[in-house]
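Chains as they are written, first to last, in this note's numbering: chain A, 193 to 307; chain B, 493 to 608.
Hints are computed from structural coordinates only; laboratory data are not their basis.
Computed from a predicted model, the values in this text were never measured in an experiment.
Incorrect hints may have been included.
Unchecked claim - Here are some chain A residues pointing at chain B (derived, C-beta under 10 Å): (1) 202; (2) 244; (3) 247; (4) 265; (5) 269; (6) 272; (7) 289; (8) 290; (9) 296.
Heads up, the beta-carbon is just placed ideally off N, CA and C, and yes, glycines get one too.
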Amino acid sequence: EAQVTQNPRYLITVTGKKLTVTCSQNMNHEYMSWYRQDPGLGLRQIYYSMNVEVTDKGDVPEGYKVSRKEKRNFPLILESPSPNQTSLYFCASSLSYHRSSYEQYFGPGTRLTVT
Amino acid sequence: AQKVTQAQTEISVVEKEDVTLDCVYETRDTTYYLFWYKQPPSGELVFLIRRNSFDEQNEISGRYSWNFQKSTSSFNFTITASQVVDSAVYFCALSEAGDTGNQFYFGTGTSLTVIP
Chain A
193 EAQVTQNPRY LITVTGKKLT VTCSQNMNHE YMSWYRQDPG LGLRQIYYSM NVEVTDKGDV
253 PEGYKVSRKE KRNFPLILES PSPNQTSLYF CASSLSYHRS SYEQYFGPGT RLTVT
Chain B
493 AQKVTQAQTE ISVVEKEDVT LDCVYETRDT TYYLFWYKQP PSGELVFLIR RNSFDEQNEI
553 SGRYSWNFQK STSSFNFTIT ASQVVDSAVY FCALSEAGDT GNQFYFGTGT SLTVIP
């Protein structure tokens with residue numbers, strides 16, 4: 193079954209404790225992306241990757257890191273989480289390539305709480 | 493400035509009514525893509541439609557229809573004869589091609605409640 197998986201689905205952590213949210217897709221998509229969803233703000237793109245080793249900042253990259261060492265995986269790293277990073281995070285993948293955008297397939301979401 | 497504006501935060505309609513969700517976008521690119529996604533109460537994001545900037549044909553899919561007007565930078569979504577299962581948050585999105593790739597911008601969403 194074609195899917196995007198994220199782990200963990202729920203995470204409660206404390207300020208400053210480094211964490212990684214994993215994202216994996218089995219559709220051989222070039223394009224992957226991370227979003228955060230906050231009430232009243234919709235989805236905002238954090239980082240995206242057009243291909244292996246090619247990543248770029250979205251609208252709200254501060255406080256986050258990503259890496260794309262393999263095509264199928266795109267982990268989101270919070271080196272020193274803060275309470276304002278409490279949010280619902282979605283990973284997505286797509287057939288999109290440069291200057292052509294296609295539908296994104298979204299993971300189930302990771303609800304992160306930073307206390 | 494918001495790249496994608498969904499001015500309607502919440503809409504309530506009675507079942508079988510028609511409803512239109514508005515989306516206005518802003519871009520300087522000549523090549524761009526527009527999307528609609530649905531987020532039901534269960535939380536997943538469901539793709540509904542993709543449109544490129546060169547295709548202004550309106551589209552109909554069952555009870556759903558989309559009206560793309562470049563002259564007004566709008567990409568509105570109409571649900572005909574609404575049903576309770578249509579209750580969800582609907583997001584409009586724009587994709588532009590940046591220097592290194594395609595950036596996506598989502599609106600803030602419109603929460604639709606269909607009352608039985």
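Kindly indicate which numbered hints from before are broken by the structure, ordering the numbers from low to high.
Of the numbered hints given earlier, those the structure breaks are 1, 2, 4, 5, 6, listed in rising order.
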